[in-house]
Amino acid sequence: MNKFLQSIAANSWVELAARWILGLTFIYASFHKILSPADFAKIIYGYDLFPAALINLMAITIPFVELTTGLALVLGIYPRSAALIINAMLLGFIVALSINLVRGHEFDCGCFSAAQGGYTPSAWVLLGRDFLLLAVGLQIFFYYTSMKGRLAAISQDTAAQSQQK
Amino acid sequence: MKKLVKEITILLGIAVGLSLAVNFFSPVGIALVGRWDTSEGVITANAKNDVVMDELEIDDAKTARQIYDSGAALFVDARSRENYEDGHIPGAVSLPVGQFDEQIDSFLSKHAPEQPIVTYCSGRSCEDSHNLAQILLESGFVNVRVFIDGLPGWEAEGYPVE
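Protein chains in written order, with the working numbering: chain H, 17 to 181; chain X, 612 to 773.
Same shape as in the complex, but just chain H (with noise of 0.2 Å):
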C-alpha cells in the first residue's frame, strides 16, 4: 500500500492532472466570489465563525487566494508552495464545516440559498468534496518534495562516484 500510495506520489502524470484538477477547480470556484464580494461576505457571516472585523477582509481576500494558487497550479509556478496554500485552505474550511455539522447549525434565512440558485449541497458532500481535493493537493505537494529527494539522491551519487574516480 505505501508503495503504491509511492508510486502514485512519483508520477508526473498523475502530478500533471491533479494541478490541472486542483488549480482549475479553484480558479472556476473564484469567479462567482470575486463577482459578487457582499453575497460571499454574507455566507462567511453565516458560518458564524469569525469575527466581525474580518468577515470584509476575508471576502475580499480569499478568493484572489484561490485564484492566485489556482493559476499558479495550472501554469505550473511554484506548484508546492501553491499546493501548500491550497491545503491549507482545504483544511480550514473542513474545519469549519465540520464544526457546524457537530454544532448542527443551519443558516437561518434562505438568503444564502438564493445566490447559489436555490441548490445548497449538504455539508456531507461539501466535506466529502473537500477531502477528495485535499487528496488532490497532497500529491502535488508530496511529488515535488519526493522529487527534491530522488535529486538529493542522484545527486549524492554522482558526488560518491565522482569521488571513486
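Simulated from the structure, these hints should not be mistaken for lab results.
Since the model is a prediction, treat every value here as computed from it, not as a measurement.
Treat each hint with caution, since some may be false.
Unchecked claim - Listed next, the stretches of chain X that the computed footprint assigns to chain H, with coverage defined by at least 3 CB atoms under 8 Å from CB atoms of chain H: (1) 614-628; (2) 634-640; (3) 651-663.
Said to hold, decoys possible - The following label-pair restraints were derived from C-beta to C-beta distances: (4) H/93 <-> X/772: 52 to 60 Å; (5) X/636 <-> H/32: 29 to 37 Å; (6) H/19 <-> X/710: 54 to 62 Å; (7) H/161 <-> X/710: 46 to 54 Å; (8) H/112 <-> X/621: 25 to 33 Å; (9) H/145 <-> X/636: 30 to 38 Å; (10) X/674 <-> H/145: 41 to 49 Å; (11) H/138 <-> X/766: 27 to 35 Å.
Positions of the beta carbon are idealized from the N, C-alpha and C atoms, including for glycine.
Let chain H serve as the given structure and place chain X on it in line with the hints.
This is chain X only, laid out in the frame that chain H set:
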C-alpha cells in the same frame, strides 16, 4: 524550507495586493469592514451597490404594528412561497424576490403605484425585503418601506400569524 516561505509570501502578496486593488476599483466592491451586528440593523457588507437603505427601514415591531393596524399599508412577504405558506403576517401578500419578474405583472394589475407598501422577510440577517423594496421602487411604487425585524420580530411580540 526558506524557499517555501519565500514562494508562499510572494503568492499571498500578489493575491492580497490584487484583491485590495480590484475591490477598490470594482463597482461591486465592499467596505473593509461591514456591519455584521444585528442590533445595529440589517446585516450588510456595505457594498458600493448595496441594497440596504437605512432610510426606508422600520426598525421596531411596534411601529410596524401601528402601520398595520391603520390598514393603510399593504404588507408584502419577500420570502419564498413555501415560507409564506408556513406562516405570514395576516393579510400580507406573497411576492418572493426570486420570482419577481414572473409575478410583478399580476401584482401591478392589483395595486396602484400610490399604494403604501411594507416589505418584510426573515429578520435582520436577511436582505430580501430590501431587494424587494428596491425593485418595487424601480417598478414605479412610490411609498415603500422595509420592516427589518420581519416575521420573527412580529412573532416575538406575540402578534398574530396566519
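Results of checking the hints against the structure:
{"no.": "1", "hint": "614-628", "verdict": "holds (count 9)"}
{"no.": "2", "hint": "634-640", "verdict": "holds (count 4)"}
{"no.": "3", "hint": "651-663", "verdict": "holds (count 7)"}
{"no.": "4", "hint": "H/93 <-> X/772: 52 to 60 Å", "verdict": "58 Å, holds"}
{"no.": "5", "hint": "X/636 <-> H/32: 29 to 37 Å", "verdict": "36 Å, holds"}
{"no.": "6", "hint": "H/19 <-> X/710: 54 to 62 Å", "verdict": "58 Å, holds"}
{"no.": "7", "hint": "H/161 <-> X/710: 46 to 54 Å", "verdict": "53 Å, holds"}
{"no.": "8", "hint": "H/112 <-> X/621: 25 to 33 Å", "verdict": "26 Å, holds"}
{"no.": "9", "hint": "H/145 <-> X/636: 30 to 38 Å", "verdict": "33 Å, holds"}
{"no.": "10", "hint": "X/674 <-> H/145: 41 to 49 Å", "verdict": "46 Å, holds"}
{"no.": "11", "hint": "H/138 <-> X/766: 27 to 35 Å", "verdict": "28 Å, holds"}
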